[in-house]
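Visitor: The chain contents come next:
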Amino acid sequence: MRPFSYERARTPADAAAAAARTPGAKFIAGGTNLLDLMKLEIETPPHLIDVNGLSLDTVAPTPDGGLRIGALVRNTDLAADDRVRRDYGLLSRALLAGASGQLRNKATTAGNLLQRTRCPYFYDTAQPCNKRQPGSGCAAIGGFSRQLAVIGGSEACIATHPSDMAVAMRALDATVETVRPDGATRGIPIAEFHRLPGDTPHIETALEPGELITAVTLPKPLGGRHIYRKVRDRASYAFALVAVGAILQPDGSGRVALGGVAHKPWRVEAAEAELPRGAKAAAAALLAGAKPTPENAFKLPLVERTLAAVLAQAKG
Amino acid sequence: MKFDTPATTNPIDQLKVVGVSTSRIDGPLKTTGTAPYAYERHDVVPNQAYGYVVGAGIGKGRIASLSVAAAKAAPGVLAVVTADNAGKLGKGRLNIAKLLGGPEIDHYHQAVALVVAESFEQARAAAQLIRVEYERGEGRFDLAQAKAAMGDAADAKKEDSNVGDFAAAFAAAPVKLDETYRTPDQSHAMMEPHATVAAWEGDRLTVWTSNQMVDWTTGDLARTLGMPKEKVRLISPFVGGGFGGKLFLRADTLLAALGARAAGRPVKVALQRPLMMNNTTHRPATIQRIRIGATADGRITAIAHESWSGNLPDGKPENAVDQTRLLYAGANRLTGNRLAVLDLPEGNAMRAPGEAPGLMALEIAMDEMAERLGLDPVEFRIRNDTQVDPEKPERPFSKRQLVECLRVGAERFGWDKRNPRPGATRDGDWLVGIGMAAAFRNNLLTKSAARVRLDTRGVVTVETDMTDIGTGSYTIIAQTAAEMMGVGLDRVVVRLGDSSFPVSAGSGGQWGANNATAGVYAACVKLREAVAQRLGVNSADAQFADGQVRSGNRSVPLAQAAGGGELSAEDAIEYGDLGKRYQQSTFGGHFVEVAVDAATGETRVRRMLAVCAAGRILNPLSARSQVIGAMTMGVGAALMEELAVDTRSGFFVNHDLAGYEVPVHADIPHQEVIFLDETDPISSPMKAKGVGELGLCGVGAAVANAVYNATGVRVRDYPVTLDKLLDRLPPLA
Ligand SMILES: Cc1cc2nc3c(=O)[nH]c(=O)nc-3n(C[C@H](O)[C@H](O)[C@H](O)COP(=O)(O)OP(=O)(O)OC[C@H]3O[C@@H](n4cnc5c(N)ncnc54)[C@H](O)[C@@H]3O)c2cc1C
Ligand code: SF4
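Residue numbers (this note's numbering), protein chains in the order written: chain A, 1 to 316; chain B, 1001 to 1733.
There may be inaccurate statements among the hints.
Claimed, not checked - In silico SDA-like cross-links for lysine to any residue, where the CA-CA straight-line distance does not exceed 25 Å:
| no. | chain 1 | residue 1 | chain 2 | residue 2 |
| --- | --- | --- | --- | --- |
| 1 | B | Lys-1088 | B | His-1042 |
| 2 | A | Lys-39 | B | Ala-1658 |
| 3 | A | Lys-39 | B | His-1042 |
| 4 | B | Lys-1072 | A | Leu-40 |
| 5 | B | Lys-1526 | B | Gly-1552 |
If you are wondering where the hints come from, they were derived from the structure by calculation, not from laboratory data.
Excised from the complex, chain A in its bound form (with noise of 0.2 Å):
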């Protein structure tokens, strides 16, 4: 780990200007994911910013029946609240397949949709690669790939994003309301927040330097059935070798998001309409170009079979 200074901010607004006074400067909420990574100095953060004074930790319902979660509302606080439970099933099933109890106590609903990939190769700082240090190379290509992706991956990179919460905010369609350097603030759809690797797969999200996420919004409920199902080697404490989270309704129709299979949680809107005709005909319209590496092609039929063991306990 390398020496940092260290400030805890008052606003957010300070927060985000305070950022963009040290370049490299970071952020810090749970820090389940940045310390690890700091120790191995796969981060390297010259200055730290300490979020956790900021009073971003409330629930609230929105005017338009939603509801807008702090950034630094906990996994375990956020799986808990009644209303998540009631009306946003899928978010509360996916913060609770993820990580352990004592993780989630700590790890917050900002710090989660930015954790960083688990590829094992990103890990070592003897191996070459280009998320770790732009333009070292990859050593998962051509390696041990059985958890990478299978789909949206790229010559540089074939990672994946290992979130479970932020399947389900991809299914909800969240917005990441965020606050700039300046002051400004904006809301960023999450489809449009994480970005798939092309050739900067160091550049994971849409977001600015020094920007602060102060909340992810949830727009009102959807009803229907509310199921994420995480398949992995050993019962708990895993990442997923495949999620689906799923909200389905009573007359077949619904939405897909998908864990464990690319740079980002995984949602293709137009292969929803496929749903009613079952799993076969949706998952190949949401893995359609898939280009699976051999230890990893598995993927592509797991996601179609617990797809359809979704589809089926929808219905059951």
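With chain A held as given, fit chain B with the ligands onto it using these hints.
Guide: Showing chain B with the ligands alone in chain A's frame:
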């Protein structure tokens, strides 16, 4: 004490303390966080500095340049140790690769430097300033490729074990099987990393460490440092898991000693978790070919087991075929290990080395063979039981209750309710199956010594360099001494893991319990004689009970014997040729029920049973803990554990606990363990054998066989992960 004739009745047979379920006497230390583990020995010596290890970033080659200037200049740094400045180093007798690499690099994450600083954080920060340039060498990293290059070896090799005429008998067999199985590289992944505090006093070195084999490691540390063994003291009273990974001197200990010398003050080093998989040893992957021929009624006539594994030059093969020499009958036999040179990290012992991967293969083969024969898998095994060493029929097993284990297990598990037709039992979304496997592990005999002291308060203190790796050694040793000296457990103090104590068997190969307690038994016999002599009674008819020594109608408090000063006795158990005349092994049966998600292929274990016949069970409570822990490890081996090899650059990629998955609580369901009532008078005066590894042997295959029974998909390539099942699971609506 020489043990060369079978044990007769002795004080242990009273079973007042031995054989009684006893909570571990060191439990309160552990639950209160006060058991002194190596890295937390802040108390033992002041002014400890911190070391941080730098591992090589290539699998094979040499260091072209290594620049330490920036690290040396970093805040708090006291010293940087590399092969350049460490002085001449020897190599431990039990080490294959050097523990401090450079300029040659033998494997990934081989230590190339240690940075010592005032704080851990400073050492870590400085370590990341070290710049190493490498010249990559050509490494051999792919076992399958190495096997192909060796050519599919002809049957007969001089190191093979050949009995009868395998080839002819196999050719003639009406029912046969010829299949190949694979087990992956595995990591011990114990909770406590390798850790050491080292301190020099003049030319004397003391290390507080975490090690299973005190004497081996003391010797190898002295040898590596080129100093007399007498000047090295090694202290390892608590070990937070080892599983064979801490049998040997490893880099933490050597580097702590070198760092302390360089810094001129005590240094502590723990191997960082991401280094553990590649820096230390691992269980090597195997490719195993098994051929079995049998008569139509299921008698094995021919059995062959060949195993290919790789290791660094001078390394040994994983002996995956040993159990096949002994487990089943059959007149024509062939077994052999083939070794490829691989430049992956050093392969070495991991819990039940040999048998664990060997049975993962053999016991699937037996399941497959039973199916071909149309026989029940339990019955097929029973039909091929042998009470003698099948290679040397003049050698009987000292005690062999395999058949009883299988029968009891089948009955208790409800085996008769198993549907023999695979893929035919459903419970909602789950495909349900039951599988079993035989368990087998040899019982190994090694000399083991102890000292026993009696003080004026009547307290008996046992000292031996035996280790407790979480197994319960403290407790069974206390039980042994209490039984022998006729005192309660509260009157016994046990001190372990110190090279200044008599040399014990140590902990490994499930040999610890029987040998170490037998050594304590021997010392106690001597102490009893000394007590009798002091008290002027005839030692032959003296009775030691309730803190009293009785002879005829005289009864004297035991403490009185120490009235004239503490009494001390030291002895060792040494073995004659009983181990040659008899085959000594432990046996068991594993039964497992699994459910496989019909959609995703995720396998979840529902219940497990182990029935073990392993001699006298010294402490059923801690023995059960050993067996359920081993069963858990078996589930890991069956379903998830695999070091993923990057065959291009030669390393285990998933080198942390996020990437190397072991079972978590949610994976482990109801586990039951039954110990058959057994004593083995051939094994030692304790009539005990080991169980800690037996509990693992066969579990993997029992799980794999259950998955087959559930799904009809036969996976011969561990771990049995969902991707290997998916394309053969029933289609979904
Ligand atoms: C062992 C382990 C297992 C895990 N398993 C899972 C799992 O199964 N599923 C899963 O989804 N996750 C899993 N996680 C990841 C976990 O969910 C994340 O670590 C956590 O959500 C991150 O939140 P945090 O608040 O601790 O973020 P931090 O570590 O504090 O920050 C993460 C990133 O977000 C940035 N950041 C934080 N807050 C803001 C803000 N308000 N605005 C802008 N940037 C901000 C930081 O600068 C940093 O770059 C696991 C983590 C661990 C350690
Ligand atoms: S897949 Fe991405 S994160 Fe992984 S090594 Fe390649 S560039 Fe790095």
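Visitor: None of the hints should be skipped; say for each whether it holds.
Guide: Hint check results:
1. This hinted pair does not check out: Lys-1088 (chain B) and His-1042 (chain B) have alpha carbons roughly 30 Å apart, beyond 25 Å.
2. Under the criterion of a C-alpha separation no larger than 25 Å, the hint pairing Lys-39 (chain A) with Ala-1658 (chain B) is consistent with the structure, at around 16 Å.
3. With a C-alpha separation of about 23 Å, the suggested pair Lys-39 (chain A) and His-1042 (chain B) falls inside the 25 Å cut-off, and the hint holds.
4. Restraint check for Lys-1072 (chain B) and Leu-40 (chain A): the C-alpha separation of about 19 Å stays at or below 25 Å, so the hint holds.
5. Only pairs whose Cα atoms come within 25 Å are accepted, and Lys-1526 (chain B) paired with Gly-1552 (chain B) is accepted, the gap being roughly 21 Å.
Checked against the numbered hints above, the structure breaks only hint 1 and satisfies the rest.
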